[in-house]
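Undergrad: The sequence shown lines up with residues 7 to 213 when you count with our numbering.
FYI, nobody ran anything at the bench for these hints, they're computed from the structure. A quick note: this is a predicted structure, and the numbers were derived from the prediction, not measured. Beta carbons are placed, not taken as given, at the ideal position from N, Cα and C, and that holds for glycine. Hints should not be assumed to be uniformly reliable.
Stated by the list, open to error - Listed below are the simulated DSS-like cross-link pairs for lysine-lysine, each with C-alpha atoms no more than 27 Å apart in a straight line:
no., residue 1, residue 2
1, K73, K199
2, K27, K199
3, K73, K200
4, K50, K199
5, K73, K27
To be verified - Across the chosen pairs, the derived CB separations fall in these ranges:
no., residue 1, residue 2, range
6, S197, I175, 16 to 24 Å
7, R196, Y69, 12 to 20 Å
8, A13, K50, 52 to 60 Å
9, S185, L37, 18 to 26 Å
10, Y83, R194, 36 to 44 Å
11, T31, W187, 35 to 43 Å
12, K200, T178, 29 to 37 Å
13, K50, V141, 20 to 28 Å
14, E21, F198, 39 to 47 Å
15, R79, T31, 14 to 22 Å
16, T138, E14, 14 to 22 Å
17, L46, R68, 32 to 40 Å
18, V172, L30, 33 to 41 Å
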Amino acid sequence: MIHPEDAEYTTLRTEIMHYDKACLTILGFLLVLSTSVYGLVAEKGTFSLLLLLSIIWSVGFRYILDKRLSILRIALYLQVCFESSDRGFWWESWLTNDGVRLHQKCKGVNHSGLKTLPARDPIYLEFFLLFTTLVVNVIWIWMLSADRAQVTSLTVPNDPQLTVRVLAILTTIFFLISSVWNWSLMMRYRSFKKQEYFDACKAQNED
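With the hints as constraints, model all of the structure from the sequences given.
TA: See the structure below:
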């Protein structure tokens, strides 16, 4: 007979994997979309797509960050409510430095080198990709604007309502807003992870 706690732990671990797969799916979509958009811009000169791509990346990153935060919350719940017991659940604790000390209570386990294992959060790579995409879009559109600045009435190919310079200004404004907004979200995520998450786990492990 499966213990209710075992079933809940397994269900929540499955939910973590579901959220992680969702992040990978969104990131994969954004990368494929970026490749397609850059190809169209280079071939047909539809530079308004750069602004659209920046917007889609910002929205996509917001969804990714939400999923990563959900993973963090579930991991905290599992570590505090399940892995402090003697039922043999240790994985989330193992992933933290405090978990190394906790596991040292187990006999016959070699813990050498565990503290040197790198702990990399994928959200930082995902934020780097977002920021890089936004910067590339801004640089590209301003290069176009500089090349054609002498023709003040020139419009973007296939987009007669917008001039190149106006499009560059809009892309730059969005870059600034998106960068500040997403950076503030990253700082809140980092604060939660370092303060609430690890402090709560440390307090629980000392009990």
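Undergrad: The structure should be examined with respect to each hint, and the outcome stated for every one.
TA: Against the structure, the hints:
no., hint, in the structure
1, K73 / K199, "holds (14 Å)"
2, K27 / K199, "holds (20 Å)"
3, K73 / K200, "holds (18 Å)"
4, K50 / K199, "violated (45 Å)"
5, K73 / K27, "holds (10 Å)"
6, S197 / I175: 16 to 24 Å, "violated (33 Å)"
7, R196 / Y69: 12 to 20 Å, "holds (18 Å)"
8, A13 / K50: 52 to 60 Å, "holds (55 Å)"
9, S185 / L37: 18 to 26 Å, "holds (20 Å)"
10, Y83 / R194: 36 to 44 Å, "violated (19 Å)"
11, T31 / W187: 35 to 43 Å, "violated (23 Å)"
12, K200 / T178: 29 to 37 Å, "holds (33 Å)"
13, K50 / V141: 20 to 28 Å, "holds (23 Å)"
14, E21 / F198: 39 to 47 Å, "violated (18 Å)"
15, R79 / T31: 14 to 22 Å, "holds (20 Å)"
16, T138 / E14: 14 to 22 Å, "violated (40 Å)"
17, L46 / R68: 32 to 40 Å, "violated (24 Å)"
18, V172 / L30: 33 to 41 Å, "holds (36 Å)"
Hints 4, 6, 10, 11, 14, 16 and 17, counting from the list given before, are not met by this structure.
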